[in-house]
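Given chain A's structure and the hints, the job is docking chain B onto it.
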Amino acid sequence: MNKVPLIHISRRKDIVWYRAWLVRIIAVVLALVVCGLITMVMTGLDPIKVYAAMIDGTFGTARRVWMLLQNIAILLCISIALAPAFRMRFWNLGGDGQALMGALGAAAVMILLGDKIPNWLLILVMVVVSIAAGAFWAVIPAFFKARWNTNETLFTLMMNYVAIQLVAFFVIVWEVPKGAGKIGIINQNSNAGWFPQIGGSKYLLNVIIVAILTIVMFIYMKYSKHGYELSVVGESEPTARYVGIKVRKVIIRTMVLSGALCGVAGLLLVGGTDHTLTTTLVGGRGFTGVMVAWLAKFNPVFMVITSFLIVFLQRGATEITTTFGLNQSYGDIITGIILFFIIGCEFFLNYRINFRKSHKEVA
Amino acid sequence: MKTFKRIAVMIIAAAMVFGMVAAFGSAQTKADEGIVAGLICLHDENSTYDLNFINAFKEACEARGLVEGETYFITTNIPEGQECYEEAMNMVDRGCTCVFADSFGHEDYMIEAAKEVPEVQFCHATGTKAHTENLPNYHNAFASIYEGRFMAGVAAGLKLNEMIESGAITEDEAKMGYVGAYTYAEVISGYTSFYLGAKSVCPSVTMEVTFTGSWYDETKEKEGAQMLINNGCVLISQHADSMGAPTACEAAGVPDVSYNGSTISAAPNTFIISSRINWAPYYTYVMDCVAAGEAIDADWTGTIETGSVELTEVNEAVAAEGTQAVLDDVKAKLQAGELQVFDTATFTVEGAALDSYLADVDTDPEYTPDTEVIADGAFHESQFRSAPYFDLQIDGISLLDTAF
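Chains A and B, in that order, give the protein sequences.
For the record, in the first sequence the residue sitting at position 134 is 133 according to numbering that gives the first Met the number 0, with numbers rising by one throughout.
For the record, in the second sequence the residue sitting at position 298 is 297 according to numbering that gives the first Met the number 0, with numbers rising by one throughout.
This is chain A alone, in the form it adopts within the complex:
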């Protein structure tokens, strides 16, 4: 009898950075090969053409590059909002709801105060209200966690649905025309509350704001005392308490920050680009942001890359379904396979698989 199992898995201590990236690149190549095979078998299309269409759909024109940047900006904004909470091991799954509350706040100000106050003041009020709304939505579960140690995963998750229902309610209150169940573009003719365009681009302002926030978040998490404290709380609450960190305060402070930044994402959507309020406005980015943050190991700078990857896959999927007349599900399958490989390779970066050595060697 052989007591050594056929396969056993052990934790990998350190992996050299270039080997890690080699594994990741191999994973992407493998994913592309598998997708290519599936494409050929299922649709009879040339996979090279499919990939070319994905790239064309994302980079083909200046406008597409701008849309890419805009979509990266919003996803990144939510991802960097989630990162400090995750670093603290506070599983904030409420990014969607917090961003939606920010959007609701901004839209409410635009609709209710649209023609009544000067535009600069209007935008200022929008900023304050949407940040406050996002922070408020995040601080409720944080308070319950800090005070009574409730489960923040479920709490933040459920808050999403409350936010969606609130938005659905206000969409009916502010619907145009009557009974239509949609608000449409707010202040489409007066443009009241619309963020100014800089350099003739609708998207540049959003991109700049998120770029600044990303850098600030990087510095905050890596070099500030707050960033250190939330890391300690995440590693071990007793240790944090022992060294004199006020755990409750850190939890609430970090979630206020997390929610406020989600609120900013909602603000940028309503004031900056979309100028509307719908229940699908955030479109699950609160959850996609979880993946972005995890894949980048909570490093805001790496999140730029991971959010680019996700947005590229989404945009590419839409493009190939349109170009080749396929169902959207096909694009989702391709996206799913690629993400499966990318997330899967993280396993091989963290663990080593040991096969049982042959009999002779054992003997």
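Treat the hints as calculated values from the structure; they're not laboratory data.
Quick caveat: nothing in here was measured; it's all calculated off a predicted structure.
Please note that a few of the clues may not be correct.
[Stated by the list, open to error] DSSO-like cross-link-like pairs, simulated, lysine-lysine; straight-line CA separation at most 30 Å:
1. 144(A) / 224(A)
2. 219(B) / 177(A)
3. 296(A) / 224(A)
4. 177(A) / 174(B)
Only chain B this time, still in chain A's reference frame:
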């Protein structure tokens, strides 16, 4: 880190070159007429509503030799938000000279795109704003589908008469159920014309309406239909876009008058007939205008004559005997103008006949009524703009919920 950055830059640069090559390649394959058309859909072909648009669009495009993926494009599952604007601009980047959108909530985003690209024609089905926006390249279209609904209602009324004659129900039990999406004029106009059609042959008919608060929600539509059946409705119709209501009817054995196209495959034992808008004539009209360089109407209303208002074949297995003959007669009268769907002599509001009504034709956030729409003894639907604006609550129809 540095090496990684270098690699990333190289990958992005390579991708951009790739993209430009691909964009250049696609720009060379245009039809001689110069028409490249794009259609933006809210859902995909699983929605009866979107399928109706997709089929008509393919038919109109293929009739003029356009090729999918080269000279015509269809993009699906585009929400009623900024995504619609982005897709419209993507269509422009694909070289489209005319871009169509199929869902009501796409309107504002199509307007934004139209403002930005004046040389491309943007056409939006079911919208309400083209006649007030004054953009030369933005257009609305609809059809006098209330005439189709009316005819479908006649088929429903005949079925009710058959049930009364056979003793299955009494005259007072002739209650229909209707699953609507929102309390929006388009839906109200639809169910009212359906009801008036049934009432024109079965005077004792009443109707209950429930709203789902979504244009496409299979579960809610199914539950809505089931609730109506439980309430004692003996015939169901719907204005929401999934197969929810037809499948609930099939399961319960209750006859169904469908919308957007035949649902006979899912409901062979309960499907009676369906009215639908055939959008192909509109697509052909727009593409003819673009090819000839002519102006497109800001509001275009398809009719029975243009082939825009259609009925499917009658399902003889379920419909009352002789339905087809009666429908042919009604259709002839509607076309001749002898019969008006919203004849004010055929309905009352709070017990009184109407001789004047100001409708909200010009869309505004305050819902200001602005246009007199009753003249010569009838409510003139789809005359002052293509999209319906009949939003009266007439007697005989009870709304179970008006939350949406």
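A quick look at each hint next to the structure:
About 22 Å separates the Cα atoms of residue 144(A) and residue 224(A), which keeps this hinted pair within 30 Å; it holds. Under the criterion of a C-alpha separation no larger than 30 Å, the hint pairing residue 219(B) with residue 177(A) is consistent with the structure, at around 22 Å. Taking the CA atoms of residue 296(A) and residue 224(A), the gap is about 20 Å. The hint holds against a cut of 30 Å. Between the alpha carbons of residue 177(A) and residue 174(B) the distance comes to roughly 28 Å, so the proposed pair stays at or under 30 Å and holds.
Hint compliance for this structure: every hint is met.
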